[in-house]
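Assemble the complex: chain A is given as a structure, and chains B and C must be docked to it using the hints.
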Amino acid sequence: MKFLRLYKNDQVFKIALGIAIIVIGYIASVFYSKMQKLDDSVELIATSNQTQLELEKLLSIISNYETYLRSYIITKDEAYLKNRFLDRGEIERNFSRLNKLTAHNPIMVRDIDSLKVMFDTRFAIFRETLTVARIKNADKQALNDLLLKGTYLTNKMREHVYRTINDEAKKLKVLNESHQFELKDSMISAFLLVILSLLILLLSFNRMNSDINELQKANDELKFLNHSFNNAEKVANFGHWKLNLKTNTYIFSDNFYRLLGVEPQSFEATPENVSKFMHSEDFDYAMKVHLESLQTLEPTSVMIRYTLPNGDLKYINSVGSFMQNSKGEQVKVGVHYDLTEQYKKNIELEDNNRELQAINEELESFNNIVSHDLQEPLRKIQMFISRLEEKEGSVLSEQGKDYFAKIRAAANRMQSLMIDLVNYTRTIKGGRTFVKTNLNSLLEQILHELALNIEDKNAQVTVGNLPTIKAIPFQIEQLFINLITNSLKYSKEDVQPKIKIAAQKITETEIVHGKEMTEKRHHKIIVSDNGIGFRQEYADKIFVLFQRLETDSKYSGTGLGLAICKKIVENHNGCIAVKSKPGKGSEFSIYFPKNN
Amino acid sequence: MKLYIKYDGIMACRVILQEQLEKHEVKYQLLDLGEIEIDEEITEERFAEVQESLNRYGIFILNNQKSQLIQRIKDAIVEMVYERDKLPSTTISHYLSEKLNFSYGYIANIFSEYTFTSIENFIIIQKIERAKKLIVEEELTLTEISYKLNYSSVAHLSSQFKKVTGLTPSMFKRIIDKRRLLVNQVD
Amino acid sequence: MITHKDPIHILLADDDEDDRNFFSEALAELRMTNKVTLFKDGKELMDYLERPDIRMPHILFLDLNMPGKTGFDCLREIRTNPRFKELSIAIYSTSSAEKDIEETFVGGANIYIKKPNDFSKLKKVIKDVVNINWQFHSSGLNKETFFFSI
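Chains as they are written, first to last, in the numbering used here: chain A, 3 to 598; chain B, 599 to 785; chain C, -6 to 143.
Only true hints are included.
In silico SDA-like cross-links for lysine to any residue, where the CA-CA straight-line distance does not exceed 25 Å: (1) C:136 / B:736; (2) C:33 / C:2; (3) A:173 / A:51; (4) B:664 / C:124; (5) A:583 / A:497; (6) B:761 / C:90; (7) C:78 / B:659; (8) B:731 / C:128; (9) B:672 / C:80; (10) B:771 / C:139; (11) C:136 / B:739; (12) A:438 / B:740; (13) B:771 / C:87; (14) B:746 / B:771; (15) A:408 / C:11; (16) C:92 / A:475; (17) B:731 / C:139; (18) B:771 / A:443; (19) C:136 / B:716; (20) B:672 / C:124; (21) C:62 / A:369; (22) A:507 / A:442; (23) B:604 / C:136; (24) A:382 / A:404; (25) C:92 / A:361; (26) C:107 / A:418; (27) C:92 / A:436; (28) B:604 / C:131; (29) A:393 / A:413; (30) A:158 / A:113; (31) B:746 / B:734; (32) C:33 / A:370; (33) B:625 / B:669; (34) A:393 / C:31.
Worth flagging that the hints you see were computed from the coordinates, not collected in a lab.
Quantities reported herein were computed from a predicted structural model and do not represent experimental measurements.
Next up, chain A with everything else stripped away, as it sits in the complex:
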């Protein structure tokens, strides 16, 4: 793997390439010199061969001469002598050639010179022999002597030549051997050269190939990114623009144009062309901010109103910041995004809020109507009934008195209902503000408020350490007042009512109405009493509006109290539940979310 990394590394690769080139250069030069040597040795061999040939030729000429002479001596025919001058000329040429061939070799030069001397001597003998032979009655002994001399010299020359030739042959052998070696050597060099070249070629090709692949991949990815970006722009409904500060040219993306409701690149990318779509005051402000930013290189963000060709009004936010491009030029890049939807939603929200407020006000006036205008006639009814009962009571029959009592009871019930109804509407009113509420001080207030009731029933109310929560104080007050009043109302007749209000740790996650209550996220407060209690199966029913359990008239109630409690707790994102047992009392658990 290290090798691969090295292979990939550009630096190393370049060094390797450099080394390879040097090595190839070296081998090439070696090869060249070897070739040169080869060439030389070939030449030497050729020279040597040629020399040998010439020498042989010379000997053959001498042989020819001897043959001519003999033939003449035998036949006395002049015809055999006719070519001897030609051969003489030939010898001259031979020697000059030999001289040329052996010019480089001083030993050879000496040998050839001595050979030339011998030749000259021989030819002198030839001439002499001929002269003697031409005499009619030639001295046979003299002729024999000359012939013998001549033969002796010829042999001597032959020896000399063969010696020379041998020397040459030896030289040639050595030369041949080295020639062979040189040849082999050159072949190896050549082979190495080829292999190395091939290797380098392969590696380079490989490397280039992979580089090209990577480039291609990067290119493809870039194309893809570009494509997705363009798509993303379309989907996310934004366009972008670029300003090159150096060249002062703008580029707008395709979606930039689409945002303005025109075809992409349908006009030249200049601020002037865009300004045609903008509200004039927005344009002035935007340009001012933009030009300022070109000095300070600070990012900008402006909201501009655009009117599209089809008449639509759009709210577009333009955000731009500065960076440098690959050439190091300062560039401002920006994004245009369409805020029209959010803007419209905002307006809608505000409208909704106003509507809500109007509804709230109507609710408030409804409240007032109920609490004053409806209670008035009711009170009158109750007053007149009590008057009647007092004044005309004696005249009434038992039945009559009973009727009156029932009327009175019904009227009283109606009154309680109205009061509770007013309370209920107060709790469902929205838009109340949450403040940090210290529950302990709130309960202190409540106990003062209910002091008379508590004293009446001789009840004992204990309050533990309660947390401080973010709540709507008057609603929480109502909540506890209702619960405590209930506990007082539904107390056992002959037992001192004991009411306890305390915070409780949620040791195990509790599930209340399908929601998880944990110590981490919720406060738990319990309001428990030792009152008459009720059957657990009605635990959910009691929180329902107008539901009552106790039909015994001894326990008066409107059925709204606990419904109000539930609404209040829900307003605070909490839960309320109850555990009860007939004759044992009830324990209400209230959960408030921790946090905020």
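For chains B and C alone, kept in the frame of chain A given last:
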């Protein structure tokens, strides 16, 4: 510049009484609370003058013996509630009969016959009055006030407070504060 | 000095005829020595009070919800007039909202009464008010802190 006044009515009245008597050159001796011994014979005319100038200050000379006693009982109770730093540990009945030198039964009877309320009720009213005063003065906490007035707890005080006035101490305080604010605004 | 034997002059301002009738009947049954004057609206009440020749009444029962000059208007007018500083004002109203009660006390009322829905309760209320008022006057209680809610 706004000033808040705390006043001792009883002392003020005493001073006024003395000043007035001196103005009319009546020789007198201050006896017990609500009792003066005139050292000289005084004409009906002069007596009427003195009465008139005292009436202007809300000071009345009682001419009925029984009213005098009633007044003495009231004064004794007021003194008990206001002037002591802490209410006496002995029972009220004991304290009053000791102070006024009558049996408690007699005192109670006379009182309810003439004032149409019981002594207990009167005492409660006075205590609540003092509580109101202390709340307005803002120097003590509710706990301290309940202790001073010999209530077993703050709850007891607020319960009685609500019973008598129909308001909780905090509501009461709120109203006082708002009234003060209003008065400030007017100025 | 006011004794209980002195006749007490009581005023009532209420636009509702039935309520006025209940009131005078209750007073009659209480057999307190008293003189009662009824008014059916704020204007009548103020006109009467501003007469220079009248003797100062002891207690005024004042309904809040009256047409034209409301109870609050009357309250304000009376309390800004030093001539009426001895007059105890008992607000007589149907509302039991804390806010309303507070507002009347802040406005200078001395007593707040929620209109009862029972005749005997009404009698008791009137009796209590008269009593308290008399207590207040006879025992030198502090005017600034003189308010009760019934």
